[in-house]
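A.B. asks: Take a look at the letters that make up each chain.
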Amino acid sequence: DAKTTQPPSMDCAEGRAANLPCNHSTISGNEYVYWYRQIHSQGPQYIIHGLKNNETNEMASLIITEDRKSSTLILPHATLRDTAVYYCIVRVVSSSNTGKLIFGQGTTLQVKP
Amino acid sequence: KAGVTQTPRYLIKTRGQQVTLSCSPISGHRSVSWYQQTPGQGLQFLFEYFSETQRNKGNFPGRFSGRQFSNSRSEMNVSTLELGDSALYLCASSFQGDNEQFFGPGTRLTVL
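Chains as they are written, first to last, in my numbering: chain C, 478 to 590; chain Z, 194 to 305.
Everything labelled a hint here was simulated from the structure, so no lab data went into it. Mixed in with the good hints, there may be bad ones.
[Stated by the list, open to error] Derived DSSO-like pairs (lysine-lysine); straight-line CA-CA distance at most 27 angstroms: (1) C/K577 - C/K546; (2) C/K480 - Z/K250; (3) C/K529 - C/K480; (4) C/K577 - Z/K250.
Computed from a prediction, not measured in an experiment: that's the story for all the values here.
All chains should be built: construct the whole structure from the sequences, respecting the hints.
C.D. replies: Quick look at the structure:
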């Protein structure tokens, strides 16, 4: 079972920041937080991942709380093309789960003009 | 560089038949994972192959199997198809199975 809780849906105005929350209160010390998104009828796309420090790349920023029990994915200037299902995944990379992602239900983000 | 490719993109089969799906990973990637996506169950992990060996397996019946070739290309096979096998089958490749996985566009299988 997925170890994360996400709101089922969110709306965001085009050009504004989209802040997608994720709760992972049972996260272990060696588990990373990953974010993927799936645009309709396409395969999921990797966005970002982190352990405990905040991370930023060209797509998004990942803010992880100090106790690591929750995180927020930030899309700084959402566009219509960011409309997708966003998945928050926690996983430890070990020999027993290589290549394995456990997806929850995700958050459907609707970016509106 | 070229992305992950999957063939065929669409497939229609009838109950009882078998099907083989193909996945070509990104050049240099040695890990290929397979997932099934249905409206009811969402995205579920099937199995992962690395260097021609199945390294991890999800909770699916033995009718679902796969293999990987020396060039890292992978196939998955579903035998004795059931209506519930209708789904989008996705494969993902990565260098070693850790961190970032790159997904293909999927194969849409319909079982009639």
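A.B. asks: Next step is simple, just say for each hint if it's right about the structure.
C.D. replies: Taking the hints in turn, this is what the structure says about them:
Only pairs whose Cα atoms come within 27 angstroms are accepted, and C/K577 paired with C/K546 is accepted, the gap being roughly 22 angstroms. Of the pairs offered as hints, the one joining C/K480 and Z/K250 holds, with about 19 angstroms between alpha carbons and a cut-off of 27 angstroms not exceeded. Restraint check: the Cα-Cα separation between C/K529 and C/K480 comes to about 17 angstroms, which is no more than 27 angstroms; the hinted pair holds. With a C-alpha separation of about 9 angstroms, the suggested pairing of C/K577 with Z/K250 holds against the 27 angstroms cut-off.
Hint check: no violations occur; every hint is consistent with the structure.
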